[in-house]
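Undergrad: Residue strings, one per chain:
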Amino acid sequence: MIGVYHYMTVAAILFAMGTYGVLTRRNAIVIFMCIELMLNSVNLTFIALSRHLHSMDGQIFVFFVMTVAAAEAAVGLALMITFFRNRESIDVDQINMLKW
Amino acid sequence: MDNNLVQIALQNVNMWAIMPSLILICFGMGLLLINVFLPRGTTKHAVWISLIGLVVTGLFVFKGWGDPQYGFNDAVALDNFAAFFNITFLVAAGLTILMSDEYLRREGYPVSEYYPLVLFTTAGAMWMASGTDMMTIFLGLEVMSVGLYVLAGFFRNQVRSNEAGLKYFLLGAFSTGFLLYGIALIYGVTGSTRLTEIGIYLNAHTSLLGNPMTLAGLVLIAIGFLFKIAVVPFHMWTPDVYEGAPTPITAFMSAGPKAAAFASFLRIMEYCFFSLKPEWTAMLWVLAVLTMVVGNVIAITQTNIKRMLAYSSIAHAGYALVGMVAANEIGYSGILFYMLAYAFMNIGAFAVLVLAGKKGEDNLTLEGFSGFGYKRPFLGVAMTIFLFSLMGLPPTAGFAGKFYIFAGAVKAGYLWLAVIGVLNSAVSLYYYLRVMVYMYFRDPLEDYAWVSMPVSVVVSIVIAIAGSLYLGIVPGFVMELAKLAVF
Numbered sequence: 001m002i003g004v005y006h007y008m009t010v011a012a013i014l015f016a017m018g019t020y021g022v023l024t025r026r027n028a029i030v031i032f033m034c035i036e037l038m039l040n041s042v043n044l045t046f047i048a049l050s051r052h053l054h055s056m057d058g059q060i061f062v063f064f065v066m067t068v069a070a071a072e073a074a075v076g077l078a079l080m081i082t083f084f085r086n087r088e089s090i091d092v093d094q095i096n097m098l099k100w
Numbered sequence: 101m102d103n104n105l106v107q108i109a110l111q112n113v114n115m116w117a118i119m120p121s122l123i124l125i126c127f128g129m130g131l132l133l134i135n136v137f138l139p140r141g142t143t144k145h146a147v148w149i150s151l152i153g154l155v156v157t158g159l160f161v162f163k164g165w166g167d168p169q170y171g172f173n174d175a176v177a178l179d180n181f182a183a184f185f186n187i188t189f190l191v192a193a194g195l196t197i198l199m200s201d202e203y204l205r206r207e208g209y210p211v212s213e214y215y216p217l218v219l220f221t222t223a224g225a226m227w228m229a230s231g232t233d234m235m236t237i238f239l240g241l242e243v244m245s246v247g248l249y250v251l252a253g254f255f256r257n258q259v260r261s262n263e264a265g266l267k268y269f270l271l272g273a274f275s276t277g278f279l280l281y282g283i284a285l286i287y288g289v290t291g292s293t294r295l296t297e298i299g300i301y302l303n304a305h306t307s308l309l310g311n312p313m314t315l316a317g318l319v320l321i322a323i324g325f326l327f328k329i330a331v332v333p334f335h336m337w338t339p340d341v342y343e344g345a346p347t348p349i350t351a352f353m354s355a356g357p358k359a360a361a362f363a364s365f366l367r368i369m370e371y372c373f374f375s376l377k378p379e380w381t382a383m384l385w386v387l388a389v390l391t392m393v394v395g396n397v398i399a400i401t402q403t404n405i406k407r408m409l410a411y412s413s414i415a416h417a418g419y420a421l422v423g424m425v426a427a428n429e430i431g432y433s434g435i436l437f438y439m440l441a442y443a444f445m446n447i448g449a450f451a452v453l454v455l456a457g458k459k460g461e462d463n464l465t466l467e468g469f470s471g472f473g474y475k476r477p478f479l480g481v482a483m484t485i486f487l488f489s490l491m492g493l494p495p496t497a498g499f500a501g502k503f504y505i506f507a508g509a510v511k512a513g514y515l516w517l518a519v520i521g522v523l524n525s526a527v528s529l530y531y532y533l534r535v536m537v538y539m540y541f542r543d544p545l546e547d548y549a550w551v552s553m554p555v556s557v558v559v560s561i562v563i564a565i566a567g568s569l570y571l572g573i574v575p576g577f578v579m580e581l582a583k584l585a586v587f
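Going down the list, the sequences are from chains A and B. Its first residue numbered 1, the first sequence is counted upward by one per residue in the numbering used here. Its first residue numbered 101, the second sequence is counted upward by one per residue in the numbering used here.
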């Protein structure tokens, strides 16, 4: 029988994978995809818990998270395009004008 | 049947609770519409309309003072606490808008879309301060952050601004992930996202306090906010973003959004996790000390003034955290007072930098300030006052703020923390005074001819001086208000 713990474990693994990706990947778009993975693992946690607790709050929260993620994607991709126009790369190792 | 449902839904709606941010958003939207019909490059109307919007909003904020307005099933509250913080955001936004027009013209971006973005960001900050539900706080945080990502990367042809925007975006979204996971875990433990309900539930079920899920949730939520406040070790983005972003936005970020993050952090810790107070004060004790020490020590090595002020703003976040560790009335009200004082003194210092900088701002180094005080006496004196205030010397706002915060720490029994704080202030004297040494004891550079004195920036500097001195010389009145504002 698959219960809330299974879902939460999957979500925790996804969250850890997202975090690992953000810390190790060098391409800004891949980093952003890893952040989206983290947000979606949170969504999975919310929905599993919402079902488990018989309360709707968690599912409503997920709608807001998805909306916000979409808004962030719009802004983030625009920032990446402007950066790419000036530097012809979106490698985060190239983000090195500002240091110490 | 449907009618009844509508009535039940409307019963708990109280528009007064969200009126200030609603009005601000209306002004921002209206401004966006007006911009469509005007030729590009006209910005004066945008400055005036946004300033009027801020003032009108300020009037509606007072509706909640002494008469708390709760709305939307207690998801938002316009109480004294929110009202005090809202005034801080409005002051920060107003001073920023006053100095922006001149700066944007000089850098070649006379774009009026900038002002609605500042208004939306301020509205998001106001949501954060008045949110009493995880959902409203999260939405406010995101409205604020998304606006700031755009503003930090506003100069789209300058690589430095691009970098600042992209860095802020990637790390900001990363920290949002942690915050959300924390909220999800706490929701799982308590079955609610309402702050008061979470607090009551945790207090009633003490067996849950040691539960790993509760503790993980607490830590993850704290990480989300500590990132926004720029506390060591979550500060790495701050110097880069502050240096690369347009100067008025740097000023705004260091005052408004930082205060907003403090506001909801305080509310969450006090409403939800009061049962875990010993745990989180111990955690914040360590972080406060680390933040003060790292911020001040690295600031010493900086030669770029904008970057130095970025590190100093990290150190100031550490001072304010001391008030949170104290976790008593005087410590909390000290934070409120300090955030208002910091808005005046830090934005004032950045306004001087706006006038002192050339296009591209390559001259904002210590060397570039040689003899500045003699060539530009008014700006020199203004900068001196702001630096004194940042150092925490009497009779300025910074002294009063630090005094209250450290008094709170001593009263709560954290004598050593207060001692470390005062020692750190002494360290900070070195790098602030060094700017003044360059301003007054070095031979002037020949080319100060470019410094023009536009009225709007001078007005913002004068307001900032007035604020810094008023809060320093007669802090009693505002401090009484701050005491009324805390829980």
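Possibly wrong hints are sitting among the right ones.
As the list claims (entries may be wrong) - Residues from chain B that face chain A, not an exhaustive set, calculated with beta carbons under 8 Å:
#	residue
1	Val136
2	Phe137
3	Pro139
4	Arg140
5	Lys144
6	Trp148
7	Met235
8	Phe238
9	Leu239
10	Glu242
11	Val246
12	Glu263
13	Leu266
To be verified - Derived list of chain B stretches under chain A, where covered just means 3 residues or more per stretch with a C-beta under 8 Å from a C-beta of chain A:
#	stretch
14	270 to 276
15	291 to 303
Derived from the structure by calculation, the hints contain no laboratory data. Yeah, the Cβ is synthetic: ideal placement off N, Cα and C, and Gly gets one too.
Undergrad: State for each hint whether it applies.
TA: Against the structure, the hints:
no.: 1; hint: Val136; verdict: violated (20 Å)
no.: 2; hint: Phe137; verdict: violated (24 Å)
no.: 3; hint: Pro139; verdict: violated (24 Å)
no.: 4; hint: Arg140; verdict: violated (18 Å)
no.: 5; hint: Lys144; verdict: violated (27 Å)
no.: 6; hint: Trp148; verdict: violated (27 Å)
no.: 7; hint: Met235; verdict: holds (6 Å)
no.: 8; hint: Phe238; verdict: holds (7 Å)
no.: 9; hint: Leu239; verdict: holds (6 Å)
no.: 10; hint: Glu242; verdict: holds (5 Å)
no.: 11; hint: Val246; verdict: holds (5 Å)
no.: 12; hint: Glu263; verdict: holds (5 Å)
no.: 13; hint: Leu266; verdict: holds (5 Å)
no.: 14; hint: 270 to 276; verdict: holds (count 4)
no.: 15; hint: 291 to 303; verdict: holds (count 3)
Hints 1, 2, 3, 4, 5, 6 from the list above are not met by this structure, while the remaining hints are.
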